[in-house]
Every structure is written in structure tokens, then in C-alpha cells.
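K.L.:
This is what each chain is made of:
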Amino acid sequence: MKKMATGNQAVAFAVKESDVEVIAAYPITPQTEVVETIASFVETKKMDASYIRVESEHSAMAACIGATASGARSFTATSSHGLLYMHEMIHWAAGARLPIVMANVNRAVGPAWNIWAEHTDSLSQRDTGWMQFYAATVQEVYDTVIMSYKLAEKVNLPAMVCLDGFILSHAIQPLEITPPGDFLPPINLPHALDTKNPMSYGNLTAANDYFKFRHGMHMAMQQANKEARTIENEFAQRFDRKYGPVMEYRTDDADTAIVGMGTMAREAEMAVDLLRKEGIKAGSIRIRQFRPFPKLNLENKKVIVFDRDYSFGAGGILAQEIRFHNDVPVYNVIAGLGGQDVSFNMIADLVRRAKAEGEFWLGVD
Amino acid sequence: MLEIRIHSRGGQGGVTASKLLAQAAFLEGKYGTAFPLYGAERRGAPVTSFTRISDQDIKVYSQVYNPDIVVVLDDSIMDLVDVTEGLKENGLLLVNTQHEEKLKDPRYKKFRIARVNVTDIALSLGLVLSGNPILNTPILGALAKLGVVKLDSAEKAIKDMFDDERNVKAAREAYAKVIV
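Protein chains in written order, with my numbering: chain A, 1 to 365; chain B, 1 to 180.
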């Protein structure tokens, strides 16, 4: 069935079609229409699930941890300050190897008070052990939630599906609601709590074993990088929609690579078309999978990274990752913070003026 | 690609109008997208929303700066801002108003102008929500008359979103009453 839906609704439809059993959510600001839509599914019996209304995001994640530890498929959604409020539990979910899926509507963090799109909220959760995906269309939001459950339950790590606040969360686009069927088999957590065979997890652990747990998570991330490709291929075969860790556009003969994430990176494809008409051999690389970080082909290319985020004292977070994983000079544009509107004309202009290396804050520099 | 900007006040349904329009285009097999420009939401505050319609996949997410069509649901906004800012030459300005003189401003000379009184249409049908006449469904009828979408698909989009038959009636009435 194809219909028009917002990014928020796409998340809710995907959660419904993934047969999620437990949803825990804090319903007040900065919550979104995601959990409101799911609540109405549960209330009207369109979805058979337990919906736990909690008193904070910290408790929402704690409830998901409890639910999934008992072997149930769980979900929560949040945004900006809500995500940061659950930070402790985000670490815990990953450390306990629980395949929870969470949607994060990317919004700026205060002060100054700002409710609009930015990636700093989720990128500041980079080192928690969660996989992270950034979608750029309503359809991709839906598909990524479904694929994330399959991937998370394969490697026993939680996954965060991120979508740009307002620009994608509140925009309507066509959406094909494809039931996953046996593409997504029921969850089968190997270490689920079992009342018939009661055991305790979470006791004090000395360095030796703690080290092994941490290394195990690192290995699981590497495994996820392989499993994600298999899952994307199976998804493409079944549903005819192909995704990868990065979405490349006109990169084959490109000598200039525009790299970014989310909607701004998809609009960059329009900038590529514009620049190509002027004889600039530009291509676009949109990073979908931020954790585990994918391999990029940036050889012999001028690399311009657009960051809708920053790390004070170090520049754009995406640019840092690219510098770390690839031995290439990077020109880093910080753009779109706090919902700044960045059009393809502006992107093209920034690419025309880009130096081989350096940093540029759009609207400030 | 057709780009439409809608000016309204919070509670009048401008955001829903932009979505209904995209939905109607979608029903005709086109690509449609719609999104609001969110500020500090409150009833009565000016709100801007956008719709894009194209035969091809739409990759643009940034705001509409040079619309082909501007729709004004509340003519008092015309006293505050130039609603035609960026409107393409010979672009269409559709205003919900009962004051013809509002459209006589020399600024509007280079545009095609259409007007309709959807407030009266809504009130006469009793289409009122929380004290506000519902303007989004009748304005879709006016846009259909102006050829933006077909009346058929406008009606279907409305039926998909609202159960109340009076919404379709309102759209038909606006379709008949729009003055170009």
C-alpha cells in the first residue's frame, strides 16, 4: 500500500509492521508524533503491544532494557534533550547487548533554546555502543527501522535510526508500507531472562571479564558492518529498494566529493547536477551508516564534508571521522545548525569556493 | 516542478492545506511533498507552509524561495509582510478575502490574481473547529479550479483525511466561486 506520510508516521508504521511488543515512551516535549501515532495504533487495537507511559526518557530506555532483557522486541523514540537525558541507560542497553531500536528525531540542543534540525544530539552518543543510521527520505526511515531490527537482533547491539527534525519528521512524502513478513523473524535473544532457569546478570565484574565484554562489543560492531550488507541485499531482493552504508550519486568519474548525512546530503545531489553543468566533476556521498563507520572511496578526490554538528575545539564530527578513517585532506563546512536552511544553490556555491583543506562556518565566516 | 507557498495563521489549517495539496498530486501519480516552516507555534501566529509537485522524485528539502503560486488564507497577513516576496513573474496569487481592494496594491500588478471567500463558505456549512472556520478543504477546491490539481483528486484527498462530507461540499463550492 502506497500513501503519503510524514517521517514521524513512517517510524510508527515500521514499528507496527515489525510486531514490536513493548513501547515505552515519555509523551511530553521534546517527544514527537512518532509515539503519539503508535499510541493510537495500540489504543485502537491495530497493534498488539504493551505501551508503557513513563515519567522520563531515562525511564523509557530503562523500560526497554527490562522488556528486551526478558526477550521481547521493544522500541522508544526521542529527540535532542530527551536523548541526552537517557544517556546513562543508552550505555547500559548496549553493554547488556540488547537489540533495542530507537528513533531519534535530530534536533538542536540548548541553550540557546532551539528546536530545529541538527545532528549533534545523536552524534554525541557516538561512543555508547549503539549502531547509528541517518535516513533522508520517509521511505528510507520506514525501511531502516525494519532492517535495524533484523541487524540488531543478529549482532545483539541496539540501533538508533535518526531523521532530521521537521525537515523530514514533519514533511510528507510517498511511503510504501511493505510488511516485512519472514524477512524479520521473531526475536530470539540468546541471553533472555528465563523464570524457569533464573540467573542474574549485572554483578560486579573485574577488569579481566569487563575487558572481554567491551572487546566483544567492538567485535560485534565489526560483524554488524558485514551483516548489514547481507541484510540490505536481502531487503533489495525482496522489496526492490536498495540501500548501502553510503548512498553515492555520480561519483564514478568525480574528482570532487561532497560528503554529508541526512536531508542536506540528499539535496547535495541537486548541487552535483548544477556543478556538473558548469564542468565541475562533483559527486555526492551520503553516509547512512555512521556506526559502525563505513569504508569510503575518497582516493584522488577533493573532499568537502558538510557537518550539521560540531565538536567544540575539534570541528565537524563527520569530518573528524573521515580524517581518521581516510588519509585525505578535508575541507569542512559546518552548516545547517539549529535548523539553518541550506539549499542546493548554497551547497553548490560552497563547493565552488572550497579550498583543499580548512574549516568554514556557514553564516558566521 | 511546481512550488507553492501558503500563508495562514496558526489554527486556520494552512499546514493541512499544503499536505492535502501534495496528497491530491500524489493521487494523480505525481511526486508531492509538503512541509511547514515551524516557528514558536501558537494559535493566531502567522504560519508558512510549502508544497512541491513534480513528475520526478523531489530531492529538495530547503524552503521555497521562488514559488509559482502563493496562497493567502488570512488577508490580514498581507498588511504585515509582502506575501508575494520571491513569487515568480506572472505567478499566481490566490487570496481568501472579502475585500477586493486588498488586491489592488501596485505590488501585485505583475502577478495573476485570484480570490475566493472560503471563510464564508466554511461558516455557511458550519465547518468550524474550536471557533475557527475550516479553510483548508475549501481552498483546495479553489486550487483545483485554477488547475493546480484536478477536482477529482482534491475531493479524494479530502475524503482520505476527513470523514465529514461537508469538507467536500466546501471544496466544490469554492471551485465554483473562485474569481480570477
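A few of these clues could be false.
Below, computed lysine-lysine pairings styled on DSBU-like, alpha-carbon distance capped at 30 angstroms [stated by the list, open to error]:
| # | chain 1 | residue 1 | chain 2 | residue 2 |
| --- | --- | --- | --- | --- |
| 1 | B | 159 | A | 3 |
| 2 | B | 59 | A | 295 |
| 3 | A | 281 | B | 59 |
| 4 | B | 59 | A | 277 |
| 5 | B | 156 | A | 46 |
| 6 | B | 156 | A | 355 |
| 7 | B | 110 | A | 2 |
| 8 | A | 2 | B | 169 |
| 9 | B | 156 | A | 3 |
| 10 | B | 159 | A | 242 |
| 11 | B | 88 | A | 46 |
| 12 | B | 159 | A | 2 |
| 13 | B | 109 | A | 3 |
| 14 | A | 2 | B | 156 |
| 15 | B | 109 | A | 2 |
| 16 | B | 104 | A | 2 |
| 17 | B | 104 | A | 3 |
| 18 | A | 3 | B | 102 |
| 19 | B | 156 | A | 45 |
| 20 | B | 110 | A | 3 |
| 21 | B | 59 | A | 242 |
| 22 | B | 30 | A | 277 |
| 23 | A | 45 | B | 110 |
| 24 | B | 169 | A | 277 |
Which chain B residues face chain A? A few, computed with CB under 7 angstroms, are given here [to be verified]:
| # | residue |
| --- | --- |
| 25 | 19 |
| 26 | 22 |
| 27 | 23 |
| 28 | 33 |
| 29 | 38 |
| 30 | 63 |
| 31 | 103 |
| 32 | 106 |
| 33 | 108 |
| 34 | 109 |
| 35 | 111 |
Honestly, the hints are just simulated from the structure, not real lab data. A quick note: this is a predicted structure, and the numbers were derived from the prediction, not measured. Glycine included, C-beta positions come from ideal geometry on N, C-alpha and C.
K.L.:
Against this structure, judge whether each hint is valid.
P.N.:
Here is how each hint holds up against the structure:
Under the criterion of a C-alpha separation no larger than 30 angstroms, the hint pairing residue 159 of chain B with residue 3 of chain A is consistent with the structure, at around 14 angstroms. Taken as a hint, the residue 59 of chain B and residue 295 of chain A pair is honoured in the structure, with Cα atoms around 25 angstroms apart against an allowance of 30 angstroms. Our distance criterion of 30 angstroms between C-alpha atoms is met by residue 281 of chain A and residue 59 of chain B, whose separation comes to about 20 angstroms. Only pairs whose Cα atoms come within 30 angstroms are accepted, and residue 59 of chain B paired with residue 277 of chain A is accepted, the gap being roughly 18 angstroms.
Annotation: proposed proximity of residue 156 of chain B to residue 46 of chain A holds, straight-line Cα distance about 24 angstroms (limit 30 angstroms). About 52 angstroms separates the Cα atoms of residue 156 of chain B and residue 355 of chain A, which puts this hinted pair outside 30 angstroms; it is violated. Restraint check for residue 110 of chain B and residue 2 of chain A: not satisfied, since their Cα atoms lie roughly 40 angstroms apart, outside the 30 angstroms limit. Proposed proximity of residue 2 of chain A and residue 169 of chain B is supported: the alpha carbons are some 27 angstroms apart, at most 30 angstroms.
A C-alpha spacing of about 13 angstroms is found between residue 156 of chain B and residue 3 of chain A, which places the hinted pair at or below 30 angstroms, so the restraint holds. Taking the CA atoms of residue 159 of chain B and residue 242 of chain A, the gap is near 34 angstroms; set against the 30 angstroms cutoff, the hint is violated. Among the hinted pairs, residue 88 of chain B with residue 46 of chain A is inconsistent with the structure: their alpha-carbon atoms are about 46 angstroms apart, more than 30 angstroms. Between the alpha carbons of residue 159 of chain B and residue 2 of chain A the distance comes to roughly 16 angstroms, so the proposed pair stays at or under 30 angstroms and holds.
In summary, the hint linking residue 109 of chain B to residue 3 of chain A is not supported, as the alpha carbons are separated by about 39 angstroms, beyond the 30 angstroms threshold. Restraint check for residue 2 of chain A and residue 156 of chain B: satisfied, since their Cα atoms lie roughly 15 angstroms apart, inside the 30 angstroms limit. A C-alpha spacing of about 42 angstroms is found between residue 109 of chain B and residue 2 of chain A, which places the hinted pair above 30 angstroms, so the restraint is violated. Taking the CA atoms of residue 104 of chain B and residue 2 of chain A, the gap is near 44 angstroms; set against the 30 angstroms cutoff, the hint is violated.
Our distance criterion of 30 angstroms between C-alpha atoms is broken by residue 104 of chain B and residue 3 of chain A, whose separation comes to about 41 angstroms. Between residue 3 of chain A and residue 102 of chain B the alpha-carbon distance is near 38 angstroms, which puts this suggested pair outside the 30 angstroms criterion. Among the hinted pairs, residue 156 of chain B with residue 45 of chain A is consistent with the structure: their alpha-carbon atoms are about 26 angstroms apart, no more than 30 angstroms. Our distance criterion of 30 angstroms between C-alpha atoms is broken by residue 110 of chain B and residue 3 of chain A, whose separation comes to about 37 angstroms.
Using a Cα cut-off of 30 angstroms, the hinted pair residue 59 of chain B and residue 242 of chain A holds, with the two alpha carbons roughly 17 angstroms apart. With a C-alpha separation of about 26 angstroms, the suggested pairing of residue 30 of chain B with residue 277 of chain A holds against the 30 angstroms cut-off. With a C-alpha separation of about 55 angstroms, the suggested pairing of residue 45 of chain A with residue 110 of chain B is violated against the 30 angstroms cut-off. As the CA atoms of residue 169 of chain B and residue 277 of chain A are separated by approximately 48 angstroms, the hinted pair breaks the 30 angstroms bound.
Taking 7 angstroms as the C-beta contact cut-off toward chain A, the hint placing residue 19 of chain B at the interface holds, the least distance being around 5 angstroms. For residue 22 of chain B, the suggested interface contact is upheld, since its CB lies about 6 angstroms from the closest CB of chain A, less than 7 angstroms. Look at residue 23 of chain B: its Cβ gets to within about 5 angstroms of chain A, closer than 7 angstroms, so that hint holds up. Hint status for residue 33 of chain B: holds, given a least beta-carbon distance of 5 angstroms to chain A, under 7 angstroms.
Satisfaction of the interface hint for residue 38 of chain B is found here, the shortest Cβ-Cβ separation to chain A being roughly 5 angstroms, below the 7 angstroms cut-off. Of the supplied interface hints, the one on residue 63 of chain B holds, with its beta-carbon coming within about 5 angstroms of a beta-carbon of chain A, less than 7 angstroms. Residue-level restraint check for residue 103 of chain B is violated (minimum Cβ-Cβ distance to chain A is 29 angstroms; threshold 7 angstroms). With its C-beta approaching chain A no nearer than about 30 angstroms, residue 106 of chain B sits outside the 7 angstroms limit, and its interface hint is violated.
The criterion of a C-beta within 7 angstroms of any C-beta in chain A is not met by residue 108 of chain B, whose closest approach is roughly 26 angstroms, and the hint is violated. Hint on residue 109 of chain B is violated. Least Cβ distance to chain A is approximately 28 angstroms, over the 7 angstroms limit. A least Cβ separation of about 23 angstroms between residue 111 of chain B and chain A goes past the 7 angstroms threshold, and the interface hint is therefore violated.
The structure is inconsistent with the numbered hints 6, 7, 10, 11, 13, 15, 16, 17, 18, 20, 23, 24, 31, 32, 33, 34 and 35, although it conforms to all the rest.
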